[in-house]
Structure formats: C-alpha cells, structure tokens
Amino acid sequence: MSALLLLPTVDPAEPLLDAASPLWLTLLKSVAVFGITMTLVPLLVLAERRVSAWMQYRVGPNRVGIGGSLQPMADLVKMLFKEELKPDGVPAFLFTAAPAIAAITALSMMAVVPFGGTLEIAGRSIPLVVADVDIGVLAVLALSSIGVYGITLGGWASNSKYSLLGGLRSSAQMISYELTLGIALLSVLVAASGPEFGSFKLSELIARQAESGIWNCFKLPLGFVLFTIAAFAETNRLPFDLPEAEPELVGGYHTEYSSMRFGLFFLGEYAAMVAGSAVIVCLFLGGWHFPYLTKEVAVGWGGALTQVAVFLAKVLAFLFFFIHVRWTLPRLRYDQLMNFGWKWMLPLSLLNLLFAGIGAALGWF
Amino acid sequence: MLSETTAFLLFSAIALVGAVNVVTRRNPVHAALWLVGAFLGVAGLFLTLGAGLLGAIQVMVYAGAIMVLFLFVILLLNLDTTPFEGLSIARGASLLATAATVALIAFPFARARELRAAAVPDEPELPATAGNIASILFHQYALPFEVVSLLLLIAMVGAIHLARRPRRDEPT
Amino acid sequence: MVPQAWYLLLSALLFGLGIAGFVARRNTLVMFMSVELMLNAANVVFLAAARDHVPARGSACALFVIAVAAAEVAVGLALVLALFRLRKSVQADEVRELRA
Amino acid sequence: MNLVAGLLLILPLAMAALLGLFGKRLHGKTPGLLAFGMAATCFGLAVAAFLHLRGLPEEARFVEASFWRWLDLGSGDQRLALDVGVWLDPLSVTWALFVTGVGSLIFLYSISYMEHEEGAWRYFSYLCLFLFSMLILVLGENLVLTFLGWEGVGLCSYLLIGFDYGKEVAARAGRKAFVVNRIGDVGFLIGMFWTWKLYGTLGHGEMKPIMAAVTAVPPLLALGYFVGACGKSAQLPLFVWLPDAMAGPTPVSALIHAATMVTAGIYLVLRLSPLFVAAEWALDVVAWTGAATALFAGLIALRQRDIKRVLAYSTVSQLGYMFLACGLGAFGAAAFHVITHAFFKALLFLGAGAVIHALHGEQDLWKMGGLKHHLPKTARAMTAGAFALAGIFPFAGFFSKDEILGVAFAQGYAGDPSRYVLWGMGVLTAALTAFYTARMMTLCFGGTSRVDPHLHPHEAPAPMAIALQVLMVASIVGGAALGFEALHWMPLHHWIDPVLAAPPHPTHLPPALNWGLMALAMMIAVLAWRIGAKWYGGDFAPARQAELTAPRFAKLLQGRFFVDELYALLIVRPLRFVAELCLEFDRRVVDGLFRGAGSFSALLSTTVRLAQNGVVHAYAFWMVVGAVLLLTLALA
Amino acid sequence: MNDLLLAGVILGPLAAALLLALWPKLAPEPARLLTLLITVATFVASLPLLATDAAGGMTRELDVPWIAALGIRFHLGVDGISAPLVVLTTLLMPLVVLASYGHVHDRVRQYCVLLLAMEAGMVGVFAALDLVLFYVFFEMSLIPLYLLVGVYGGARRTYAALKFVLFTVAGSLLLLLGILYVMHATGSADFAALRRATLSVREQAWLFAAFAAAFCVKVPLVPFHTWLPDAHVEAPTGGSVILAGVTLKMGTYGLLRFCLPLFPAASIEHAPLLLALAVVGILYGALLAWAQSDLKKIIAYSSVSHLGFVVLGLFSLQSSAATGATLQMINHGLSTGALFLLIGMIYERAHTRQLADFGGLARTMPRFAVCLVFATLSSIGLPGLNGFVGEFLILIGTWRDHPLAASLASLGVLLGAIYMLGLVKGLLFGPVGHPKTATWRDLTLREMATLAPLFALMIAIGFAPQPLLSRIEPAVERMLERPRLALEASLAPTAMPSVDEGAPPHDRAPGERR
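Protein chains in written order, with the numbering used here: chain A, 649 to 1013; chain Z, 1468 to 1639; chain H, 10 to 109; chain X, 10 to 645; chain Y, 11 to 524.
Source of the hints: derived by calculation from the structure; they are not laboratory data. Just to be clear, a hint being listed does not mean it is correct.
Dumping the calculated DSS-like pairs for lysine-lysine here, alpha-carbon to alpha-carbon at most 25 Å [stated by the list, open to error]:
(1) K809(A) / K734(A)
(2) K206(X) / K376(X)
(3) K376(X) / K564(X)
(4) K176(X) / K206(X)
(5) K176(X) / K376(X)
(6) K386(X) / K176(X)
(7) K809(A) / K677(A)
(8) K176(X) / K446(Y)
(9) K677(A) / K97(H)
(10) K176(X) / K435(Y)
(11) K435(Y) / K33(X)
(12) K38(X) / K386(X)
Bear in mind that the values here come from a model prediction, so they are computed numbers and not experimental data.
Next comes chain A alone, as it looks inside the complex:
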C-alpha cells in the first residue's frame, strides 16, 4: 500500500503563477481595478439618469450635491438602509446568492482586461493588467455564461411566477446571444492571429492592433457591430431588457428583491456594462493604443498614465453610447428578440467568421 500513497513531489521549477508578478503586486492591481470599477458604476448610474433626462429635455437629479453629483451616494445609502424583504417559502441561501453571483461574475471580468501596456519602474516591468491569463478572452466568455445563473436563480428563488418567467426569459436570451458573442470574438481571434494561431490574451490582441495600426473595428466592421449588439443583449440593456421591463413583467427577476440584494443586481448589471464596453474597447477599438500618443514599448509613469487615460476615454465614450441607445431604441418583443438573435445575428456572425477566416488566410490583416 505504501506505493499507493506516493506523496506529491513539489517541483519548484514549475510554479503555478509566473514569478514576474508576485502575489502582492497582483493584489495591488486588483484593488486598483476594483476601485476604478466601483467608482465608475455609481457615476454611470448618475450619468444615465442625467443623460436620459437631457435627451428627454428634462433636468434629471440635481438636488443632491452640486447638480446632482452626490445622487449616487444617496442611492447607495438608500440601498444600504432599506429593509431587507424576503418573501416566505424562499430558499434563503439561493435568494441572497443569486444577486451575488451576478455581481461577482460581472466584476471579475475586469480582471482580464489590460488597462495599459507594461509599466517600467524601479527595474520591474509591471503589465497593467490584473491577470493576463493565456485563455484571457475565453475567461470573459466563461464568466458571462456563469452570469446567467445569477439571473436564473434570482428569478426562481423569489418564488413568484413573474420573476420565474422573467429569469428564464432573460437567461434564454443571454444564452442565445452568447452564441453570437462567441463567434464574433472568434472572428477577431482569427483575424488577429493570421495564418498561424496567436493566442487568447487580450494584451496580445491589442499589441496586434497597435502593430498594424488599424483597429479591428475597421478590419471587421460587421464583427464589431455584431459584438456590440450581442453585448447589449448579454447585459440586458435596453433593446433587449425585456426580462425586467416594468410594464410586462413588473421588474422581471428582481421584482421581489429589495435594498442591498437589489443593489447587488443593479451593481451587477452596470458592472457588466462597464466590463462589456472594456472588452469591446480592447477587441475592436485598440484598447489603450492611440496612433501617435501611445508607444508599445514599456513606458515610464507618464506613458502608462496616457495609456490608461486613453483606455478610460474610450470606455466612457462607449458607455455613453450604451446609455444613448437605451433611451432611443424601442424595446423588442420577446419572440422578435429571439428571432433576431437566432435567424439574423447567428448567420451574420458565421458570415463574418468566414470573412475573417479568408482574410487571415490571405493575409489581408
């Protein structure tokens, strides 16, 4: 029997994570990323209410702080101190776990997004990304598919027909569009890698775009459009926000939720928006690269800051686009939504993939 219980031999040469980024540096970076996203989300909420008001020729929240700037803080306080309502006959653990899953998956997507190039300080080059995992893009996809659980369980756990139907509908929608998302992403990968397969890493993609100078959105315009629409669907944003649409399903899956649990769902949704736009920026809009401003090589503080600034500018622009779309396009009925997803988006994305494939083979990119 002794032969059986072989003790595992520790092999120092092959640590799990590469030595270049010691644990504390990763923690630091993750705190930084978390901090940026957490600040962006309430601003986003405020921005959305202000922009939508501006678009509808009304004022929007301007009471709290100067011109409503502290409105997010007010919302936050509301969320925290409102009474936690829990309908009876509800599986307690799942009821609370569902919004948490939604929020966690959305936030953890950011870990993979590269904010900038590599920062060269004190002899240590620090890639400005939390975890540049070599299956980077796939992680995004994986997390988005886990996100579905949050909504589904949320719908089921609140023990009411509306929320159940809402939950199921939204998850069905997210799964359908996830397909298009994946294929569009694939086309980008194919285009980026050329005849020989490159890698899944976002930083690699950005480098490729910087190298050729042309952003992917120009190389694969159809891919860019499809990816954005799919992103909208993934985050249940307006044209596709039927599940929690007030008139039909009374708030969809988060009808029964109140205060902080609702807050988490809310956070999840907006964090997903931020992450979605960040990924789009990296894939199609050249990430932190700007034709003349940024340089690929490792840069000092100045260069890094410009890279991060460029990246954030692009993300904010895209977020504005998100909000803009919400208050312009009418809501899609559920069957239209599903039809559009399966009978239009999917074939087009396959076409795009074909185009990307041919292009990569012939070396257009």
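Following the hints, position chains Z, H, X and Y against chain A.
Structure of chains Z, H, X and Y alone, referenced to chain A:
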C-alpha cells in the same frame, strides 16, 4: 503558497463535496447547483493539469450550458422535493457494487500507471495549448470530429422533436 | 508535480459516486446528473494520463467527451420532458410499461 | 433345341399377356380354348425336348441356352454373372413333362368348369402366367430364375385363390398363402446368398461340378433351401396355407395345390440333392419332417367334412412321403412318387370338382352320398384315383409308395434302427390314407343320398369327362409303367438317377423280403379300405361309436389340432402386439423427444423473459455488476 | 471442355419458375400445361446424361469459378450414380404435374413454380461437385417442398411442414459446419480434390458424424424418421411423390457421394453402427407400417424400410451391394412414386385415407386394382420386377461380410409382403367397404398415362437391369475405392504394402473384368 498540490487538494475537495451532495440532495435544484460546484471543481483540476483551454470549455459548456439546461428543465417542471427513498436492499446492493467498482478502478490504475509512468513518452512534448489541441483535432482526429458534429446535429433534431409541444391537431 | 495516482483515485471516487447516484436514485434527473459526474471523472482520467505523455491529445479526447455529453444531455432532457408530460412525474420506477 | 426351350417359356407368358390385355373382349369359351391350345403345344414341346435328350449320351444329357445377360457385377472371385436362360436336363424335362401334361388336362377341364364365370378370361390369364412361372422355375438356368419362378407361382396361387373377389375368406386365404410362401422364400434367399458366398456361382450348370466335388456343406445352407421347400410344398411348420387355399376354384386346387406348385419344393431338393447329401444331418431333418407331416396330415384328414379339405390334407400327407424319400436318400423314389401323385391327385381333385359342379358348389360330404347312380363315369374315375392314392396293387400309388417304404425298411434292415421307426410311421400313414380315402368315397358316392332334393346332379360335360378319363388311365397304368422295382423294371430311375445325387448309403433288399413287404403293404391298404367303407357305408354307427371312445382326440382332429389358432396365438398376435407397441413407442418416445426439445426452448425463453422487468434501476444494477465482473476478469 | 447440358437441365426449370412467378396474369390451366411441357423438355434433355463414362469418372463437367475469393467453384458433373438419379427426378416431375390435374385446383400457378424450383434444386443436388454448391442446392430444394406441404397440404400441414424443415435444417447445419471445416482443413471445396485429400482419423470421425447426421435425417434412418409420416400424410399427392421419390434419395446419395469417399477411415469405423441402424430401420419400419391404418403412413413407413435396405447396401462396403443400393434408390423412387400416385387417385375419389373405410374396389375399379397390385409387387420385391433386383444385390452383397445383418434384413422382405398385401386386401378384396364405392370412376386415361412410364420402367429394370447396372457399378466402385483400401489396411495391417493414399484411384480396365 498557491502551489499545485494545494490547488489540487482544494479543487478535488470542491469536486468531491459537490459530487456527494449531488447524489444525496433530495431537492433537484440543490442537486443541480451542487453539480455546478462539482463542475467548477473539476474545471479547476483541469487548470492544475495544465489544460487551460479545457478548463474554460468545461466551465462554458458544462457549467454554462448543460447545467442551465438542467435548471431550465427542473424549474419549468417545478418538481417538488422527492422523498428520500429508504436504504432498501437494492439500494444497499447497488452501493456495495459501486464501492467495488471504485476499488477495482482505482487500485490497479494507480499501480499500473506508476509502473508505466517511467516509460518514455512516445511523442514529443506537446503542451496542451489551444494550437496543439486544434492541430490534433483537425489532423489525427478529423473523422471523429466530423462524426461528433453529426452527432450533435442529430441530438439537436432529436431533442427538438421529442420535447416539442404537440400542436393542437396532433395527438399527444 | 502531483502524482498521477492521486488524480486517478479522485476520478475513481467521482466515478463511484456517479454510479451510486445512477443506480440508487429514483429521480431521472439526478440519474442524469450522476451520468454527467461519471463523464467528468472520465475527463479527469484523460487529462491526468495525458499530462505525462501527450497533453494535447488528452485535451482533444476530453473535448470529444464534452461534446458527446452535451448531445446526450440534450436528448436525455427532451426525453425526461416528454416523460413528464406523459406521466406527470419523473420517477424512474413509475415507468415500467416497457417490459417483456 | 434353344428354340424349343425358348418357346416353352415365351408361349405361356405371351398367352398370359394376351388374355390379360384383351381377354375382356373374348367371350364364352375362346379364352379357355386359347389357353388349352397353348398348354397342349407346350406339352408337345416338352415331349420334343424329352426325345432330344434321350438321344444324347447319358453324361452329356443336358442343354444350356442363355438368351441375354441379366446381371453382371463385380470381378474376380466376387463376380456375380447371371443370365436369363434355360437348363434342360432329365430332371427339369421330367418336371416339364408332367407339369405341361397334367396342366393341359386341367386347362381342358377348366374350359367347361369356368364357362359361366364372368371373369373367365382373367382366370385363364392367371393360369397361363402360372404355367410360365412353373416352367421357368423348372427350366431356369440358375437358382435366381428358379426363385423367379418360385415367387411367380406364389403370386399366381395368390391371385387364383383370391380369384373370387367378393369372398372375404378367399382374400384372406390368398394373402395367407403368399405370406407363408414368403417365409419359405426367405430361407431360399439365404440359401442362395450362402451358396454364392461359398461357391461364387448360382448357375445350375456351373454348380453341378462344384456340388459333385464338394464334401462338407454347412448343414444350415441345405436347411435354408429345405425351409424354402417346406414353405412351397406345405410341410409341417408351414403347411397351414394349403388347406385354406381350397377356397380357390377347384381346377386351381387341382393344378396348383396338388400337381405342380407343391412339387416345386421336391424339385428344389432334388436339384440340390448333392448339397443335401454333403450336409451331414440335413437329410435326417428332411426325413423326419416328411414322416411327421405325413402322419400328422393323415390324422387330420380323418375327420374333415369338406371333400376338398380331405384331398388337401392327403396331398400334404403324400408330400410328406416324398420328403421322407428324399430324406432317406432315395431321390429317384421321391421323383417317382411325385409323378404318380400328380396323376391320381389331379384326378381326385377334378373328380371332386365335377361333383361340386354337379351339386352347384356344395362341398360338404355330409350333404352328398349315393352319387354313383347320377355320376357313374366320375365315380368310376374317382374310384381308380382313390385306389391309387390308397396304394392298392395295380394302381400307380402302390408302386411309388411301396418303393419309399422299401427303402426305409432296407436302411433299417441295413442296421439303422431309426429307419424302422420311419418305416412304421410310413406304414401307419398308408393305412390312414386308405381309411380316409375309403371314407370319402363311400360318403360321396356310396350309401344313402343326402343330397339337397331340388338339386338333380348330372354327369360332367365332355371336356371335364375327357380329362377325367385320361387321368384315370394314367393313375392305373402310370405306376407300373414308370417303375416296378421288384421286377427291376425301372425306366424312370435310369432316366433320372444320373442327374440326382447317389444315395448316401445304398441298400439292397433280398427279393423275398421285397415281395413280402409289397404283400404286407397291399394287405394293410385293402383292410383299411374295407373298415373305412364299412364305417361310413351304413348308418355311421361304428363311426359314432369310435367318436365316443376317444371324444377329446376326435374333437382335436375335428379342430385340425387347432394349428391355425396356435399360429395366430404364438406368432401373428404377438407380432401385431409388437407392431402396436412400436407404433406407440415411436409416437410417444421418439417423436416426444423431438417435440420435447421444442417445448424446452419455450420454457427457457419464459424464464429469461423475467429479467426484462421494466425497472431502469434493475438494468443499471446489472450493468454495474457486469462491469465489475469484467473488470475482475480483466485484472485477475 | 465445359458442357452446358447440366446447367441447362438445372437452370431451365429455374428460369421457367421465375417466368411463371412473375407472370400473374397467366391463367391456371395454361400455366399447368406450360409446366408440363417444360418438365417433359427437361426430361428429354436429361436423357443424354445417361451415357456415363465406363471408367466411372465424371462426365458433362461444367467447372466455372463462382465465388473466387473463397475458392468455391460452380462445378457440376454427373457419373454413374448421379445420372440415373437426375433422370429419375426429371422423369417424376412431369408425372407429378400430370397428377396435379386431379387435386390441385386453386393457386395452380404457384404450385407449378414450386415444382419447377424444386426440380432445379434436386437436380442441382445430384449434379453438384462442389461441397458449398451441393449445400446451396440441398437447402434450395428444401424450401419449395416446405411451401408445398405447408400450403397445399392436409389438415395439420403447418405442423408437419415445420417439423420437416426443422429436422432437415438442424441436420444440414451440422453439414455446413462440416463443409466449412473441410474447406478450412484442405483448402478447397472441390469434390475431386477432396477425394485425394488426407484427413487425420480423428478429424474424419467428427466430419463423418456431421455429414452423416445431415444425411441420416434426410434418409431417414430410424431415430430421425418421425418427420416422414407426418410430412407424407399432410403433403399433397405431388408433394408426397417427390418427397418419397427424390428427396429421400438425397440423404443416401449424400452418404455415398460424400461420407464414404471423403472419410474412409471413419466410414469403416461407423459402418457397423449404421448397418445396425439400417436393419433396425428395415424391421422397425415394416412393423410400424403394418400397425398403421392411414394409407399414406403405411407407404411412408415402407419407405423407411426400403431406405433401410439402401443404407444397408451402402455400408456393407461391397461393390455389388452398393451398386444394388444405388439401383434400389431408383427402384424405390419408381415403386413408391407409383404407390403414392395411386393413393392420391383413390383419395381424390374417397377423400379419406383410412384403410378400414375401403374394401372390394377390385370389382368396381379393375384397372385401379391391376395397377395397385402391380405397384405393390414391385414394392415388395417380386422377382421379375425392379424391386427384387435391388434387394437381391444388396442382400447377396451384404451377406458376404455380415451374414446376420443380411438374414435379419431379408426378414424385412417377408414383413414387407405382410403389410403391403394387407393394404391390397384391405383396399381391393373382401366385401365392399365404402358406401360410395360404386360411384367412383375407374382410372381415367390421364391417370393411366401418369402410371404407364413407371410401370414400363419397373418391368424394364426387372427383366434387364444390366444396362443400368453397368453404368452404376464403375462409379460406385470409384466411390468405395478408399473405404475398401482402408478396410483391407485395417484388417491386415502388416501384410498390405503401404497404401499411397494420394495415388489417383486406379481404374479397372474394362477388359480386365472378363
């Protein structure tokens, strides 16, 4: 700190606990969720084994798609919790059988593998990167690949046909 | 380098639990889940074995297993759905008509 | 000469075929006349052959003519070459002579006898076929042809006995005759096989030198032939068919069951006499069987009511005498008795036929009597035949029978006491013969008439009368003409003995003793005749008296020793029981076995079906168990 | 040197069968007439086959590769043994068709198709010289007969047909196994090659058992005979005639053609057993026949008895006995064929087969009476007719080596007389049995025409068997060549010089026989 052994122990613990609960939970939804846990544990194991792509696919396909399907079915049918069947003789016998299977599989494998572990790998080191997997998939296993694709098509058609709600004019 | 034997032992345990679930449980859905467990155990073995030889090939095989599992679940659940529609329950032992 | 022989065979066959196919269209007497014409020509041919052979020197006195090669198989010593051909030699010509001679007379007789029968053409066609068979039996070149004739005559007797379809009795008697003959034939067959095995040939010509040279012959071989002879010539174990054969028309009885067919057995024994001599104790068996049959049949004849049955049993008895003669080695005497017997027995049968014809089918002696006034000529003829049968001096029977007794006594005198017993049995049978012949004659012709009143018997028509007259003359003259041993006038012996085997132990009686014996025999015959006539002449008082003294013996005789019932009990019924048993065994066991196999598989399938009980878990469980077993197997 | 006559005789009827099968609109009567013409044409075509090779070799050979991969050849050929049997088959066929006018009135076209297919199958069996081809024809001839009995038969026809098939197929499966093994062991399925191939004694024992099993069921030898009476009772007249006339001969032909020459050592070893079975068959069959009350069953059991004689002849390993046995196969075909035709005729009139119901037919149906008596005499082996020649040769040959068996067998001749004459007496003589006897018409011209050829042949073979025997004997001797050598070797192992098994069988120059 986060060396491979600890990762292995952590993930296998998750997987095992998940698996046990899947089998023992009376409420199918809980069972499903524990299964998701088990899948994530196994995905982790894949990572420790260096197969990153598999880990992602495992999460995407198993946890993301298959389990959602399960949840759909469970939720749509809103099954109530099944009363836990007592440990009848059949149950006992079956457990005994499983124990036997486990012992049989584990024991020789462990021994056999160790003996052959030393054997020189017959092919050049092929790390499980997406590129290598893809090349194997499309060169050596081209036929199985096509067959599986056909299988998936058939499964789709079959599933649709079976689960289709019969239209009014059709007999149920 | 965790020795392969441990992976195999783990997969054996998973497989055993899968069988236990499959054989012992009445509910068809749980039986399906246990089958998934078994398939996962198989995947683990694939990769564990491949790690010391040709890692890529292990993954390729695991991929096939996953594909097949997906197909199987699709059809299986469709059947369960049809069964439920017919019998209003998914207890395996209530469906005994298919008998010689 | 071949032509003569060929014709002898072809003519009867052709006539039989002719009558068989076109007989229906010929009416009245024509079929009979045609048949008689053919028979007469055959007789002429036989005489021609006889004369031709007399012309030849003694040792070359044979003619062999083979027409076509019937069978030729094997090579070297296992060669089996048989031709269809003729073998004429004194023995076969003698037989041919009296067969065709008596035969043509009976054909003549049958013309008028069968005049009113509607199937007459069929009758004559069978008779011609019979004549062909008898001739080929006698003239056949090898034993197989003899066997062909042997079965042919059996067949014809079957057809002729069963001639009158309607009568169930006739049908059964025919079948009985054929079957019993067939038992004999089996013996004949086995004999033939054995001969071929030992001597490699069956042809008479080829066997002659071999038989002459051979010293030790397995007795069973000879007995095989003897069984065949017993079957055909109705000896003790196999005689039961002859009395029943009387169910056939009377001329048939006369021709087949008195003159010709029954003598075939003797012919066979004579033809193979050297074999019998060489087979140590075979001849003794023949002798004793002959004597026993003679005595046995004689006893039964005493109390028979039917005139034809009396004659039938007397035939069996006389045949017994012939076999006794063969057994004693006096083959010539046997032949002599055969010929004389043919004459007077044919005469008696035809006479009886005339009587029955006159009484419109009445055969019971107790319903006859006083017929000598109505049928004077028939009565005279039958009396001559009766005297010949009884062995009274001038008549034929006396000489041949006496010769046989003489040989018996001589051998006893020469030192073998058992021969004396045989002689004693012979003498006793002679006495019995005389007695029952007298009884028959007086019951039939003498005494008061017990005939049915509105029957007025009339004399037999011309053809029948002629036949009777010729035979009467033959019965009277025949004996002395062919051989008066005491006077050393033995033309028949000189003619036939060279062909036959020399008697094993030749004896010679001093003339005085010879004459003494003849006188004794004569005296016994006359005495027995007078007693018989007296007993049955008047009011049967003495007969009834005798019955009272030995009632059980009388009933035994009356019931014919219950031989038929005995056979039925010992052979027929057990055989049928075995057959039934086999049938039951066959249906139940053999068939059951196979049907059982069928039901067993059905049983098997029901048990296996139980495993499919529809419970998914059971299937799962058994799958696992199977996997476990496989694994242990693989790993062990 | 391929000769197409044999192929013609086989494929002719087969093609005709197909033609008829695919011609639904053909009315019954023309179909029957067409079949009659075809069968007669086939008979005429098969006559030249009788000119067999004096040395006993194969004539009219057709050797064409059939399944080249397995080395199986479409190899046909006829010698002294199979030529007469083929001609017997082609002779019986037109008679069966002629007889069908009496009792087959519905589905006539299918009846003809079955007959033609069966004829092709049976001729194929006798002409095949390749083991696999033989097996194919062996099975092919089985199916139409099954349908014939199963569709056109009497009350329990399905039971009888199924039983018949199960028995035969069970046997022939063993045969197939045997053939496969032989092909595996010797590498070829061709008869000529196999006759020279040497197999170990143990192999031969097993193979002999397998081959003999299939053929004994077909013969049928006693333990396997229970299917025969059922099949006959339920079969239509035509079916019975063919079943008795030819199908049974396939068993004995198989024994002679395959068991004896291919497995000589095993043949001698098993000879006593088979002789015993044969003798039992003769006596047991005769006894059963006597205890029967159904006409057809009597004849069926008589067939068991007669074929017992044939097997006796074959396994006495005597050339004259084996020749007699082959002749007896043909005689039995003629006499039993005639008897079944006659019973069919009486059945068409009386619609009952119980012997007890009949009686006194001779008066009202004289022609029927004459024919029945004639056929009976031939069947019980009256000298002068064909039956006797066969039985005589068998018994005289067997007597040389097995006197006891031969004498017991000759008892069979006696029993034969008993039950057959019982049959004849029951039918023809005695008081009138069946009330409607008077109404029955005597044999019509057609019925007489059916019987005439059979009776003619009976007389011809009875009086002059030599032309036929001279053809059969050399072929039979060639078959018995190896078993006899093995027998002599086993009897006197030391004296005999080492026998070169492989030497081609030396032909006995015809001259040498004189």
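Results for each hint:
no., hint, result
1, K809(A) / K734(A), "holds (16 Å)"
2, K206(X) / K376(X), "violated (57 Å)"
3, K376(X) / K564(X), "holds (21 Å)"
4, K176(X) / K206(X), "violated (45 Å)"
5, K176(X) / K376(X), "holds (22 Å)"
6, K386(X) / K176(X), "violated (32 Å)"
7, K809(A) / K677(A), "violated (43 Å)"
8, K176(X) / K446(Y), "holds (20 Å)"
9, K677(A) / K97(H), "violated (54 Å)"
10, K176(X) / K435(Y), "holds (11 Å)"
11, K435(Y) / K33(X), "holds (23 Å)"
12, K38(X) / K386(X), "holds (24 Å)"
Consistency with the previously given hints fails for numbers 2, 4, 6, 7 and 9, ordered from lowest to highest.
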